[in-house]
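Q: Starting from the known structure of chain A, fit chain B onto it as the hints suggest.
Residue numbers (the numbering used here), protein chains in the order written: chain A, 3 to 504; chain B, 3 to 504.
Calculated directly from the structure, the hints in this document are not laboratory data.
A few of these clues could be false.
The list makes no distinction among identical chains, and a pair is therefore deemed to hold if it is satisfied within one copy or across any two copies.
The list that follows gives simulated cross-link-like pairs (lysine to any residue, SDA-like), each with its CA atoms no further than 25 Å apart [stated by the list, open to error]:
(1) 350 / 34
(2) 354 / 314
(3) 350 / 216
(4) 148 / 159
(5) 354 / 131
There are 2 protein chains.
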Amino acid sequence: MRTITGDLLLLRLGESSDGPMNQRLYRCLREAILDGSIAADTRLPASRDLAAELGIARNTVVHVYAQLQAEGYTRSRQGSGTYVADTLPDDYLASGRRARQVGARPAGPSLSVRGARIVDGASASPFQWGAFMPGVPDVTEFPHRKFSRIVSSIWRRPPAQLLTYAYGGGLPALREALAQHLALTRSIDCDPEQILLTEGVHQGIDLISRMLCEAGEVAWIENPGYWGARSVLQANGIRAVPRAVDEEGLHLPSEPVQAPPRLVFVTPSHQYPLGAVMSLARRRRLLALARQWGSWIIEDDYDSEFRFTGRPIPCLQGLESDAPVIYLGTFSKTMYPGLRLAYLVLPKRLVKAFQAAHAELYREGHLMTHAAVAAFISEGHYAAHVRRMRMLYGRRRAMLVNLIERRLGVDWLHRDSSDAGLHLVLDLPDEIPDEAVVQAAHARGVLTRPLSRYYDAAPQGGEPPRQGLLLGYACVPEADIARKFEVLLDSLAYVARQRKRP
Amino acid sequence: MRTITGDLLLLRLGESSDGPMNQRLYRCLREAILDGSIAADTRLPASRDLAAELGIARNTVVHVYAQLQAEGYTRSRQGSGTYVADTLPDDYLASGRRARQVGARPAGPSLSVRGARIVDGASASPFQWGAFMPGVPDVTEFPHRKFSRIVSSIWRRPPAQLLTYAYGGGLPALREALAQHLALTRSIDCDPEQILLTEGVHQGIDLISRMLCEAGEVAWIENPGYWGARSVLQANGIRAVPRAVDEEGLHLPSEPVQAPPRLVFVTPSHQYPLGAVMSLARRRRLLALARQWGSWIIEDDYDSEFRFTGRPIPCLQGLESDAPVIYLGTFSKTMYPGLRLAYLVLPKRLVKAFQAAHAELYREGHLMTHAAVAAFISEGHYAAHVRRMRMLYGRRRAMLVNLIERRLGVDWLHRDSSDAGLHLVLDLPDEIPDEAVVQAAHARGVLTRPLSRYYDAAPQGGEPPRQGLLLGYACVPEADIARKFEVLLDSLAYVARQRKRP
Chain A
3 MRTITGDLLL
13 LRLGESSDGP
23 MNQRLYRCLR
33 EAILDGSIAA
43 DTRLPASRDL
53 AAELGIARNT
63 VVHVYAQLQA
73 EGYTRSRQGS
83 GTYVADTLPD
93 DYLASGRRAR
103 QVGARPAGPS
113 LSVRGARIVD
123 GASASPFQWG
133 AFMPGVPDVT
143 EFPHRKFSRI
153 VSSIWRRPPA
163 QLLTYAYGGG
173 LPALREALAQ
183 HLALTRSIDC
193 DPEQILLTEG
203 VHQGIDLISR
213 MLCEAGEVAW
223 IENPGYWGAR
233 SVLQANGIRA
243 VPRAVDEEGL
253 HLPSEPVQAP
263 PRLVFVTPSH
273 QYPLGAVMSL
283 ARRRRLLALA
293 RQWGSWIIED
303 DYDSEFRFTG
313 RPIPCLQGLE
323 SDAPVIYLGT
333 FSKTMYPGLR
343 LAYLVLPKRL
353 VKAFQAAHAE
363 LYREGHLMTH
373 AAVAAFISEG
383 HYAAHVRRMR
393 MLYGRRRAML
403 VNLIERRLGV
413 DWLHRDSSDA
423 GLHLVLDLPD
433 EIPDEAVVQA
443 AHARGVLTRP
453 LSRYYDAAPQ
463 GGEPPRQGLL
473 LGYACVPEAD
483 IARKFEVLLD
493 SLAYVARQRK
503 RP
Chain B
3 MRTITGDLLL
13 LRLGESSDGP
23 MNQRLYRCLR
33 EAILDGSIAA
43 DTRLPASRDL
53 AAELGIARNT
63 VVHVYAQLQA
73 EGYTRSRQGS
83 GTYVADTLPD
93 DYLASGRRAR
103 QVGARPAGPS
113 LSVRGARIVD
123 GASASPFQWG
133 AFMPGVPDVT
143 EFPHRKFSRI
153 VSSIWRRPPA
163 QLLTYAYGGG
173 LPALREALAQ
183 HLALTRSIDC
193 DPEQILLTEG
203 VHQGIDLISR
213 MLCEAGEVAW
223 IENPGYWGAR
233 SVLQANGIRA
243 VPRAVDEEGL
253 HLPSEPVQAP
263 PRLVFVTPSH
273 QYPLGAVMSL
283 ARRRRLLALA
293 RQWGSWIIED
303 DYDSEFRFTG
313 RPIPCLQGLE
323 SDAPVIYLGT
333 FSKTMYPGLR
343 LAYLVLPKRL
353 VKAFQAAHAE
363 LYREGHLMTH
373 AAVAAFISEG
383 HYAAHVRRMR
393 MLYGRRRAML
403 VNLIERRLGV
413 DWLHRDSSDA
423 GLHLVLDLPD
433 EIPDEAVVQA
443 AHARGVLTRP
453 LSRYYDAAPQ
463 GGEPPRQGLL
473 LGYACVPEAD
483 IARKFEVLLD
493 SLAYVARQRK
503 RP
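The following block holds chain A by itself, in its conformation from the complex (with noise of 0.2 Å):
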């Protein structure tokens, strides 16, 4: 199949021989963008169509069109395609006559193609509050005078040692509270040494995979599953190999692996974003392979706190003493996303080289904050924040589920929620697209994330993305959810109609 694009690109890439092929395909593109030859809306071939017709690697297409759209110079719309921008990028506009010149080069040269990977996969929403936003809780309801006391009185009288740089994996006083929380309500079996702070989860995730993993090497992540440590593994050069998973967790194989991989990623107190709990003998069977194929587990327990029904199940960390497990904990749901503070639980092998290094590519500090969460947490404001806070998501679980129930049917529940957590998932048919009710929802100013997002783009074998709703009902007031749940209705409805339409 030839197209016109192409034709017009090998013209232009012929008189154009300077530099690495992306860079050429990058710079004709822009330019017949600029001076029009390929016009506003105009849909781009395949990346697959135009690697053939210019006989490049697929690899250098996609390459330069995420760079394109990551600059504003063109736009994709869900499941049809790339399509140049009519609204062209600012400072282009702002000195066109410039830029329209053939051959004019931006400043500097492009993204690094592991740079335009990560916009080109990027998931990150830049909407973070509002019905029915996943994986943000009720920051409205977080006690901030008490802990603004706090705060205030810790400012009285600054040590110089908490305002400066640290090293060690922060504020000892902090990790001993945390230590004893844990071991109270996780079974978690630690000394506070054994505590790490970071910087959010990312962080963590971050300096295991440069600790642990070389570039090139295998971690398994669940598919479905958290974009976040997807992206981070990626960032350093790690083969994210998605797995299947299934009503008791990442599946695990029953035949011995050809290539076991050297970190494996799960969520099994509340598989994100699914919901199964990781049954007990999955969880040992899964303790015996990693130690049997020398491979880490990173247990990221990201909301295990909120479980409204039962009791949990041990995690991983503290079912075998000697686990090869380092476990991920946070405060973002607890307390608030904004804090960005996390926590990793090591082994006491790790610990003076994960200090060493966390100090050298992070640096530390915060101790402040540190010193203001650690009395927050032996005030016990912080057991009594989560208590509460687990009877008030629970009430605003069972509303949802209720609606869902009665104007829906119990079957769009999917089947692995389970009574725990900061949001569920709504299953959709398969001839309604989930982009698609998102973006309807979001017109109508009701926040929701797709399902078929939290898929691996290439999965390798296994079933293929489903459609679905994940919705966030922590952050939703009670008196909010009936309405909010209707416009969601609306919406639903609203794309099945436009999708029956010849």
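A: Same frame as chain A, but now just chain B:
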């Protein structure tokens, strides 16, 4: 050359045949240390010799040595190699019997090669407060009551949007206040949207590394230079190539360069750590070369607020329009290091891609802190504090320079020391090793950092590391400077005496 250790290991390696060579070697060495076959204080063979004896890659030995050192089985002595530690790591002493069984394995596999390298090359110090720690401002002079009042007032009614996750580079109010401040004080030409707030300067370097440079590509760094930049670049697989500095800053080649660097990391306002100010001619030439090569300049302007005489030269970012420069600034020196707040000033065409990648890789938050710092700037406290500290640090520097001139002689002050910053460099005669002076001073309660540590371990040509001391005067009250300096002189005399002994 055959060594006893090599013979022993050849024997044991023959008995242990499972797993890759680095794991086998690690296990054999560790067991030989634990069961006493290699006694405490034994010097291990040089990695090159042992590799030759065993017929394996030298890198494997280097990696295993680094791993053992990270875990406390060995320690290195300055300039004389690696020794078996006399106190073994706690966890193995506690469970000595188990560990002493031959073949006992630690939980999980060992560090990655890149992880071991990070630990092995680590330069971050556990000590960050006290005379004469370089790079540390006087945090006891920070107007904490004013700042605390602002913090409290924001906590009184915290908007939900400030407590949840963030996206887009940080709070607009802070980026606006900062853009105004930078235009006035640093001739920086930018819109607020070009500013991206980061978790310290390290996060900014990390983001730049990933977005603009492939693994395996070259970045030029100053030699001597900032250890943190080198470590972060290397953690991203970038070849950090050390380049000499002279009295005009980074030395630039007059010959055409075969393989130009993708990134050039410089500290033009105040070369770190020697102190030269990059001349205007050198600045123009660096910009021209970067344009010619298609490289990016990373301009780390870490302490330019503290220039005691004369006017600063405009920063590279503002020297020419559309310059291929990413500017790095920080609040660590002007407010307090534990705040962990820094920023990039990006060229417009990179803004969207960097925002997306930043949210994706690190998640954003800290908007309550951003709001407080924005108010601190807008209400004039920031500029006033910087002005006051400039006077204070200027006085402290003058006192220290005066002491050096009177007690040692003017030629001990490094020739490129400029009248700026938070530290100065004291030159030592070649026969006095700076590491030894640092240790002697530390034993006497005075902190300094050895200049030789700031040189790349493997300089490609150029002069060998110089011996010297980085003396931070910013965090030392005037009343203490003379007394602490005497302690330093004692330490210097002590080391000089030790060296003279047979």
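Q: What label fits residue 354 with residue 314 when the C-alpha limit is 25 Å: within, between, both, or neither?
A: neither (31 Å within a copy, 42 Å between copies)
Q: Within a copy, between copies, both or neither: where do residue 350 and residue 34 come within 25 Å Cα-Cα?
A: between (58 Å within a copy, 21 Å between copies)
Q: For residue 354 and residue 131, with the copy left unspecified, which applies at a CA distance of at most 25 Å: within, between, both, or neither?
A: between (38 Å within a copy, 21 Å between copies)
Q: When no copy is specified for residue 148 and residue 159, does a C-alpha distance of 25 Å or less occur within a copy, between copies, both, or neither?
A: The answer is both: 18 Å in one copy and 13 Å across copies each meet 25 Å.
Q: Up to 25 Å between alpha-carbons, please classify residue 350 paired with residue 216: within, between, both or neither.
A: Close inside one copy (21 Å), not across copies (34 Å); limit 25 Å.
When each numbered hint is compared with the structure, a violation occurs for hint 2 only.
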